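Asks: Chains A and B supply the protein sequences, listed in that same order. Going by our numbering, the first sequence opens with residue 43, and the numbers climb by one from there. Going by our numbering, the second sequence opens with residue 187, and the numbers climb by one from there.
Bear in mind the hints are in silico, worked out from the structure with no lab data behind them. It cannot be assumed that every hint is accurate.
Only some residues are given here: those of chain A computed to face chain B with a beta carbon under 8 Å [unchecked claim]:
#	residue
1	Ala-152
2	Ser-155
3	Ile-170
4	Tyr-171
5	Thr-178
6	Ile-207
7	Leu-210
8	Glu-220
9	Lys-352
Here the structure is a predicted model, which means the values were calculated and not measured. Note that the Cβ used here is the ideal one computed from N, Cα and C, for glycine as well.
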Amino acid sequence: MGHSVLVVAEHNDETLVSSTAHAIAAAKQLGEVTVLVAGTHCGGAAQAAAQCDGVAKVLQADAPELAGHTAEAVTDAVLAAAQGFRAIVFPSTAFGKNVAPRVAAKLDCAQISDVIRIVDEKTFVRPIYAGNALATVTCDDQLLVLTVRTTAFDAVAQRDEAAPIESLPVTFTGPKVELVSRELTQSERPELTAARVVVTGGRGLGSAEQFHALLEPLADKLNAAIGASRAAVDAGYAPNDWQVGQTGKIVAPELYIAIGVSGAIQHLAGMKDSKVIVAINKDPDAPIFQVADYGLVADLFQAVPELTQKL
Amino acid sequence: MKILVPVKRVVDYNVKIRVKPDGSGVDTANVKMSMNPFDEIAVEEAVRLKEKGVASEVVAVSAGVAACQETLRTALALGADRAILVNTEVELQPLAVAKLLAALVAKESPQLVIMGKQAIDDDANQTGQMLAALLNWPQATFASKVEVDTGAQTVTVTREIDGGLETLKMALPAVITTDLRLNEPRFASLPNIMKAKKKPLDTVTPEALGVDVTPRIRTLKVEEPPKRQGGVKVADVDELIAKLKNEAKVI
Ligand SMILES: Cc1cc2nc3c(=O)[nH]c(=O)nc-3n(C[C@H](O)[C@H](O)[C@H](O)COP(=O)(O)OP(=O)(O)OC[C@H]3O[C@@H](n4cnc5c(N)ncnc54)[C@H](O)[C@@H]3O)c2cc1C
Ligand SMILES: Nc1ncnc2c1ncn2[C@@H]1O[C@H](COP(=O)(O)O)[C@@H](O)[C@H]1O
Chain A
43 MGHSVLVVAE HNDETLVSST AHAIAAAKQL GEVTVLVAGT HCGGAAQAAA QCDGVAKVLQ
103 ADAPELAGHT AEAVTDAVLA AAQGFRAIVF PSTAFGKNVA PRVAAKLDCA QISDVIRIVD
163 EKTFVRPIYA GNALATVTCD DQLLVLTVRT TAFDAVAQRD EAAPIESLPV TFTGPKVELV
223 SRELTQSERP ELTAARVVVT GGRGLGSAEQ FHALLEPLAD KLNAAIGASR AAVDAGYAPN
283 DWQVGQTGKI VAPELYIAIG VSGAIQHLAG MKDSKVIVAI NKDPDAPIFQ VADYGLVADL
343 FQAVPELTQK L
Chain B
187 MKILVPVKRV VDYNVKIRVK PDGSGVDTAN VKMSMNPFDE IAVEEAVRLK EKGVASEVVA
247 VSAGVAACQE TLRTALALGA DRAILVNTEV ELQPLAVAKL LAALVAKESP QLVIMGKQAI
307 DDDANQTGQM LAALLNWPQA TFASKVEVDT GAQTVTVTRE IDGGLETLKM ALPAVITTDL
367 RLNEPRFASL PNIMKAKKKP LDTVTPEALG VDVTPRIRTL KVEEPPKRQG GVKVADVDEL
427 IAKLKNEAKV I
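Next up, chain B with everything else stripped away, as it sits in the complex (with noise of 0.2 Å):
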């Protein structure tokens, strides 16, 4: 069974993010790139599939600029064990990744799609979900738990929901979309950073896929929210309640 991981490259989530003084985005030069979270627990649950001996191959896919092949090599090094980068500069929206992804299952046919819930740069959360559409395959979002059965072609998975969690199960080919819970990823090891150099990378084009990608949705500016103003230090629990009953008059 083949495993197929989008992993998109994103700004750290470490990173306080400025946006740029004429409103047209958020700037990113200079600052640090890293695998999107949620997509690392993607890359993590796939390999620990194959080292359980249920899947047979992972291939890792980003969707973007050139150095989305850092990102790529990131997820070989964690176990993943070829990529392929869909090279555009365009800006991508999640219906186009999603229309660029599910050409590549076509050319690529996996069983399982295993991917982030969202990314945390635009925090669309559509992607797993669209590509599932186009697919008309089944999908389980916001996975804490998944349990793939090779004999009856299935999988069961724990999902988190408002309110508490569900388990669906599903016949494959399926996406699963990660949440937190799901699995803790694994650091990549200097030998293994060493070996994904070697791995192979394949680049396409979303023309060679047959993809349109231009975007359908147009920002028009990006501005900082309101500024919450920081409040008082207060001495004590006395204090406190004193506030909040005749300032705040919360209580």
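So that you can see chain A by itself, here it is in the shape it has in the complex (with noise of 0.2 Å):
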């Protein structure tokens, strides 16, 4: 496969978000892979790019109006760099899934969304239905756009030597879009998505203090990241972006463990790709049990401190 392929990087200006690691291994089975850096002040982020595993070139569009990292902005970028190339590459993140059907419109290319395996240069497996059923697509498009799952490819490694950096020029006919605040959830711990060890907590927590209370210092002995069901997260126990599921985070860690989670077909989508998943719940008949590696019938109350202590 001998395309050129365009992976747009998520990244914070200073350095890159591990998601392009990922983005940028899945694009280096289709091609040539060339890195887009669009920010402001982004030469950190840029040189990281560079520097990654198989990357041939990087394309920095640094720009006062990129610094939101808003779809508008980056679509712009995206247009000015796109000439040439067979496809264009995001994560399946938040700041991908944003961008990149916005660039799809405006190229009239059809997006592939969430690619877990790339079959040939046109060709792609992808789930559907919350990954009760994997469709294999096929494009005959000269361009197409694509987002892949982080965790369905292994992130590229960093390297001493660097690709060349381009300055790419971009002429902003977007809408304007003010970006008014971000509040990021500070944490010491491992990024869920990153994390090989993820323990997560559902309804069955019961209040915020408890979540918290019983979780924190279990995720501590095992160096985890915090998860949390729909039910967890809409009930105000964690953050919106702890949410693992069909329409949270999709993550596949070395050791999964669900905590008074019930198992829903919606949260089982986020995380039965995990190696070994572990389920602690009170009623033995939990469909989370029917995925469980092992699976311990208890109250949790009891299980939990008993495990942290004990570990």
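Take the two lone chains, each set in its own frame, and fit them into one complex as the hints suggest.
Replies: Now the structure itself:
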């Protein structure tokens, strides 16, 4: 496969977000990779992109208009870069999902979302119906926009030598959007989608206080990220970006511990590719046990402190 | 101010779907169909804006087979004022839907389009962003809070993003896509279901709107994902720890 592929980097201007290294890994399977880093004072991120394994070139679009990384401005940058590529690849994250379809529609091309496997340069596998079916789809268009599931492609490594970085001029024609504020959850913990261990709490935790009092010591012991079911997020036990599932984050850690989670299909969609799944639930018939490698039928208020203490 | 709300008819979220044995797709015959859950949230938000006096009219739109009328009647029962069916038997992909919606926006001139972030059948998460692009309107995806300033003709939207929340402010007209925490949709009451039957529902076709809806992506096959083997039940915490250490070797 020898096409040229453009990867749109997710970054915070200083450095890359880990999703980018996964998107590059997928793009490498399609052809020669150019990475677009669009931001403001984003030289750090461009340098990091240039040092990703498999990257042939970096385009750096640096402009004040790109400060908020809004879909409107980033789309203008992608359009300035798009000429000559056969595929434009985004990570399937909130950032990628926000921008990719805007780019696809501007270029009048189809988008294939959430690619988990690349069959050939125009054929891809993607989950539908919350992962209860896998569709193999193909498209004969000259240009394709893809978003790729980060958990399905191992991140490329960093290397010492760097690909050339070119600066990319952008004309901004899209509507203006003001970034009023951004509140990011501060956490010392590993990032949910990249963590080796994830401890997830559901409605069974009963309250925000108990959610934190029980799960944090356990997560500390295991150096784990903390996830939540939708019911736990809706009830205010955990912030929205901790939600695991069809409409939240997709995770595939080495170890996933579901505590007080029933295992609705929408939840399973986000975690059933984890390597080892543990479920702790007092209901022996909870559907989560159907996917759990190790199920413990127990009252979580006893089992979790005991587990934490004995680890 | 007029609000357009696109609603999709999908397999109900409670249905355990079955892949057809010949691999041609998912069995949708004789299964319960409902409005896409994110679109219920979109209808609710639009109706609340009308109840607050911010919006003057809420128009629901659905594209697809004739049975989408049921979905539109649900939207009318939830408080939409009128409905439009874009009737076609062709399998619609997000770009085609976005083009149909763009054509309707040109006719209807709404100031706001509120729609779901994702349809739970194709899980595409594309149509809203595509519509915004075609119209060259600003977009606020994954909304958990919407505040319209009718005087300034702006909307301020809080969005659910990886890592937390962000708030954007943009001029109307705009496209908003809903996330789960935006609101809790009401249930349609019986009197409102009766009233909905009398509300206007117009039908148009893609041809009449001048939109080519030919699919661009072909599905070669649909298969079941590899089944995960359920494992064992452990008796107590000690056995769990032993298994994780010695058998799974993950701790
Ligand atoms: C459009 C849509 C999208 C959705 N997206 C998602 C998504 O992305 N992620 C997601 O998670 N959900 C999602 N859902 C919601 C999903 O359908 C379920 O409602 C949700 O996952 C349930 O969360 P839960 O398991 O925490 O709660 P419940 O189903 O209420 O389960 C709680 C569990 O805790 C157990 N329990 C209670 N007390 C104890 C105790 N003391 N000890 C041990 N066990 C106890 C109970 O036995 C029960 O099994 C979505 C739904 C819709 C309609
Ligand atoms: N056929 C359709 N008719 C009306 N609205 C649709 C249709 N398809 C998608 N939409 C809207 O677009 C949103 C996102 O869908 P998708 O991009 O397919 O995930 C849905 O929540 C609906 O609001």
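Asks: Can you verify the interface hint for Ala-152/A: is its Cβ closer than 8 Å to any Cβ in chain B?
Replies: The hint holds - Ala-152/A has a Cβ within 8 Å of chain B, the shortest such distance being about 4 Å.
Asks: For the hint on Ile-170/A, does the least C-beta distance to chain B fall short of 8 Å?
Replies: 6 Å, holds
Asks: Interface hint check: Lys-352/A, Cβ to nearest Cβ on chain B, cutoff 8 Å. Holds or violated?
Replies: 6 Å, holds
Asks: With 8 Å as the cut and Cβ atoms as the points, is Thr-178/A at the interface with chain B?
Replies: Hint holds; Thr-178/A Cβ to chain B Cβ min 5 Å, cut 8 Å.
Asks: Given Leu-210/A was flagged as interface, is its beta-carbon under 8 Å from a beta-carbon of chain B?
Replies: 20 Å, violated
Asks: Does the interface hint hold: is Ile-207/A within less than 8 Å of chain B, judged Cβ to Cβ?
Replies: 26 Å, violated
Asks: May I ask you to test the interface hint for Glu-220/A with respect to chain B, counting a Cβ-Cβ separation under 8 Å as satisfied?
Replies: 4 Å, holds
Asks: Hey, does the Ser-155/A contact hint survive, CB to chain B under 8 Å?
Replies: With Cβ-Cβ at 5 Å, under 8 Å, it holds.
Asks: Measuring from the C-beta of Tyr-171/A to each C-beta in chain B, is the shortest one below 8 Å?
Replies: Cβ of Tyr-171/A sits 5 Å from chain B, so the hint holds.
Consistency with the previously given hints fails for numbers 6, 7, ordered from lowest to highest.
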